[in-house]
Every structure is written in structure tokens, then in C-alpha cells.
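In case it helps, our numbering puts the sequence shown at residues 1172 to 1400.
None of these hints come from the bench; they were simulated from the model.
Beta carbons: idealized from backbone N, C-alpha and C, even for Gly.
Hints are not guaranteed to be accurate.
Pairwise CB distance ranges (calculated) [to be verified]:
#1 E1351 to S1196: 25 to 31 angstroms
#2 Q1382 to V1273: 53 to 59 angstroms
#3 V1188 to N1271: 27 to 33 angstroms
#4 N1195 to T1222: 34 to 40 angstroms
#5 T1220 to L1190: 40 to 46 angstroms
#6 D1203 to E1359: 22 to 28 angstroms
#7 R1363 to K1237: 28 to 34 angstroms
#8 N1194 to T1220: 31 to 37 angstroms
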Amino acid sequence: MLAIVCLRIVTTRDIDVFLTHLNNSRFLRAMDFGRFDHIFRGRISAALTKTKSNALVSSSVIRYRKPLYIFLPYAIDTGVVYWDDRSVYYRQDVRTLHDNFVRGTAYLKVTMIGASPADLLEYALKGYRGSMDWGKTFIPQVLVPASEGGNSEAVETQLPSDLRGAKHFFDKRSLPSDIEAFLRFNEESSLRIKASGLVKGATKEAVKRLQEEQALNSCRPTQSRMKSE
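Generate the whole structure from the sequences, applying the supplied hints.
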């Protein structure tokens, strides 16, 4: 269950102010639908319900490569490419069907609350008939075209390798270089925000002390005059 494909088309409700191509925000909206489809059809939602846990998107980054023009059909390729002790990492590609060109690509960090990602994924795979090879590199070329099977809305894909029944599968996985860069971006962004907060806190403290000193200095002449009288 490396990836699930959702098929859509650009309508007049999706275009930007120039009335020519898909609005940037609609890329993210379409990816939301693709991710929901992946979660429900991949039985991750059942795992979340069973374990009474929750999943929240804690980080996302998107790159727009080429406009997606009005009335063009397109596919949303959604797949889990990595997970750690707290989060599952998705990659989603938006590509046009006529040329298989990726118009936009995004990475998302989905943090699991109440259960570990490995336990959720392992539970989701019980009874699932697709591939267990979630850890391989996301390769759009291996995705099943809509014309080769499945319904017109979504098509499950399988890679040649199938690790069904491998107990060590959830322990042995490599960190893709793009996900490593995404993680580094998150860490540096967090440090920058924390540093900015410290600077703001120090600035407020300095302003407060300055105001206190000014108030104290303004009281000193009055006190000295009272003593002289």
C-alpha cells in the first residue's frame, strides 16, 4: 500500500483569478482528499478508531512545478514514505494524466496521538490485500494507470516487492534523502521560532526595566524637594 491514486479534473470552481489554472490553495485541498482516501481505504482510519488515537498534520511543504490548466484531468498520488516514533510522513504528487508530468509535489508530517505509527500501520495492514512495501522510494512510474484496472475514481497500486508477513519490516527502513531534508527544515524552523520568542521575551523584559527605571528617576526629584522643605 505504498500509494493510492485519486483521479480528479480542474473545474471552474478550482481556478484562480486569471481564470486559467488551478488555484494554489486547491492543490492542498485536492491533496487533503487524496490523503483522506488513503487513510480510509488503507484501513488507517480503522486503526485510529481501534486504538482510540488521533492523527494531526503538524507540518507540510509544497512545491509548484507547472500550472494545472482548466478542464485538465489529473491524479493525486498519495503514499507513506517514512515513519518514526511519533509521526508518519506522506509524499503527495499532483500529475496530469496526458503526459504523466508532476505539476506539484508536497511532503506532510502527520503526528499520531495516542499510539505509535508502527503499531497503527501494522494494525492497518491486517487483512489488507495490497503490498506491504511502504518503505520503498515513492516512484510515480509504477503507479497503475486508470485504464488498466480499478474504478474511475481511485486505483490501488502495488510495487514488485511484497513483504507480507515479514516481522522485521517495521524495524528496518532507510531514511530517504528528501525526508531527511524535510526533517532538517522542521528542526531549523522550530529553532528559529524559539529563538525569535526568546528575543521578543528579552526585548519585553528590557523595555519593562527601562520603564521602571524611568518611573523611579521621575520620583527622585520630588522626594529630594520634600526632604529640603
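Verification of the hints:
In this structure the supplied range 25 to 31 angstroms holds for E1351 paired with S1196, their Cβ-Cβ distance being about 28 angstroms. In this structure the supplied range 53 to 59 angstroms holds for Q1382 paired with V1273, their Cβ-Cβ distance being about 56 angstroms. Taken as a hint, the range 27 to 33 angstroms holds for the pair V1188 and N1271, whose Cβ atoms sit roughly 29 angstroms apart. N1195 and T1222 have their C-beta atoms about 35 angstroms apart, which keeps the hinted 34 to 40 angstroms range intact.
In this structure the hint that T1220 and L1190 lie 40 to 46 angstroms apart at CB holds, the actual value being about 42 angstroms. Look at D1203 against E1359: about 26 angstroms separates their beta carbons, and that is inside 22 to 28 angstroms. Checking the proposed 28 to 34 angstroms range against R1363 and K1237 shows it holds: the Cβ atoms sit about 30 angstroms from each other. Range check, N1194 to T1220: Cβ separation about 33 angstroms, and the 31 to 37 angstroms hint holds.
In summary, the structure agrees with every hint in the numbered list given earlier.
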